[in-house]
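Novice: Residue numbers (my numbering), protein chains in the order written: chain A, 5 to 345; chain B, 5 to 345.
Be careful, since some hints might not be right.
Residues from chain B shown here face chain A by an in silico Cβ test under 8 Å; the list is partial [stated by the list, open to error]:
(1) T8
(2) S21
(3) Y46
(4) M53
(5) A160
(6) S163
(7) L230
(8) P261
(9) S268
(10) G275
(11) F288
(12) L289
(13) K300
(14) A315
Treat the hints as calculated values from the structure; they're not laboratory data.
All C-beta atoms in this analysis are idealised placements derived from N, C-alpha and C, irrespective of residue type, glycine included.
2 protein chains.
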Amino acid sequence: MKNTQVIFKSRPEDFPSEDNFEIVQSDVPQAGEGQVLRKTIYLSVDPYMRGRMSTMRSYAEPAKLGEPMVGSTISEVIESKNPRYQAGDYVLGLDGWQAYAASDGKGLRKLDPAQAPITTSVGVLGMPGLTAYVGLLDIGRPKEGETVVVSAAAGAVGSLAGQIAKIKGCRVVGTAGSDEKCTYVVNDLGFDVCINYKTQDLKEAFKAACPNGIDIYFDNVGGDVLDAVLKRINVHARIPLIGLISQYCDAKPRPGPNLGSILSNRALIQGMIVFDHTDRTPDFLRDMTQWLREGKVRYREDIVQGGLENAARAFIGLFEGENIGKRIVQVAPDPTRKEKR
Amino acid sequence: MKNTQVIFKSRPEDFPSEDNFEIVQSDVPQAGEGQVLRKTIYLSVDPYMRGRMSTMRSYAEPAKLGEPMVGSTISEVIESKNPRYQAGDYVLGLDGWQAYAASDGKGLRKLDPAQAPITTSVGVLGMPGLTAYVGLLDIGRPKEGETVVVSAAAGAVGSLAGQIAKIKGCRVVGTAGSDEKCTYVVNDLGFDVCINYKTQDLKEAFKAACPNGIDIYFDNVGGDVLDAVLKRINVHARIPLIGLISQYCDAKPRPGPNLGSILSNRALIQGMIVFDHTDRTPDFLRDMTQWLREGKVRYREDIVQGGLENAARAFIGLFEGENIGKRIVQVAPDPTRKEKR
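Using the sequences plus the hints, can you model the full thing?
Specialist: Spelled out as structure tokens, the structure:
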């Protein structure tokens, strides 16, 4: 009996290809003292694994060349010298692309086939399900009646995010890459609309599908769909950035702000307009007045002379970087100032 | 006595120019019953006003052609038929670019020259100060020892945001467009470092100035500085998006995701990696199990045959949009499944 392994052989420049992998036969490992030997029944393949094939700075170590490709696995325990497992148990693990694996059992989770099909542990009841749940509810914070757009709506995560949004009483618009997928998304999953981003004009399609704008965009893809969504978002929109599959295989970063860094660092960008925050004025005035008194904050004013005749010129200068500190145009003498300026 | 007014005459395509404005003389308005007549002492000129000159969808109505240019003003009341004001009062208002204005007094705020110079009402104790305070503290949420980058660090808002970050015990790095500004930012304002973005290599400069990465980027400018910052942000970084002055005068939107929409809609983008959120697993499993039982959530699995030999092909297909639902590779027979697939 041999252990078939799919070895990660080389890193792709853009799209992964079969040449990046090599199939080898090795000996089936032995279960040593305290160890568990298991046989792989299922592999989970997920878009995030493209990131592991690259050495780019990311939230996880890159996969190592020369070892079996990384990934979640559903396995049957066939021999156990560890009291927590016994032969015949089903377990979720991270054994990667190989037929057999042995270890001390760390990181394994037992699965109960009587509770749910074991495959759901890598799908609806696993990581993709949790992603949809947390991304939509905790970051998206849907309110009844809001409009939610979900990209890759027929995918493992998007299909669930959209259905959760429907449960929360939202209008839900999906995007997907084929008419077959769109039919599935609307007829089987109950989305209100699904846009085929390969054949439809995105701008027109979003305009028709989202007459009240977009409150939440659950983004799995980035790229053109994100660009089109940004044109129709509403005030205080939320964009959980879950995936950027349209960009994962780019050989070079695209022009403009690279949201890959926002995703992999789980960072937050939030637009702010001060007029929303006037309730903070008392706190601000209390603190700033004290900081000024204590000399902890200094400021400079750039008071431009020349009156109203010079206002346009003074304003234009802001975009030429002329000012240091707050630019103000003096229109008439200031009776409150003693010193001559 | 005439009222000098600077009329907003035409909308700029890119950079505003003096041709967009016209100076006219009209009669000084009269204070009618219940009204307040005031004389403008100072105009505030602010970068956000470029947005008002455009008809693009934004958080505020565009400025109207043929009327005095909009903007905050500091004025002296010269005649009042409104019991709340009297001649000699100083007020903050929105009278725009004109020497005199009259109205019922709505939207005016009285200023006390004994408390603080009246100019501070449009600067350190006004809108720019509140912007720095809320943007840094409420969106940035600085923690002691973190690294904060502030762009337009010599400007009205950035100069204050960086000093507040210093008060909170952060390492603070500014960017500005001249050596004179950088000297002011470091020597007078107390920033740790200031990078001249016009003369220094941004990548190298940020690497040297932020050896522990960037936790908060208080962004006033967008463009190249934002792109460079995104390469060095830390996990869970926060980016209060306060301004995009480097892009306000673009005739056409730049390629890539347009953060102007994030700013004007005060929207939020947040990257998410599911492994940060395993504490939500019990809630997720409880809800998802119930939704499945109630038929409110449906799912599909795309189980690919062909074993490990087909794993690479199945994985690559994810990026070609092959799958509907969760893709799983079957490696060995599943003893828990009754039905033949």
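Novice: Any of the earlier hints contradicted here, and which numbers?
Specialist: none
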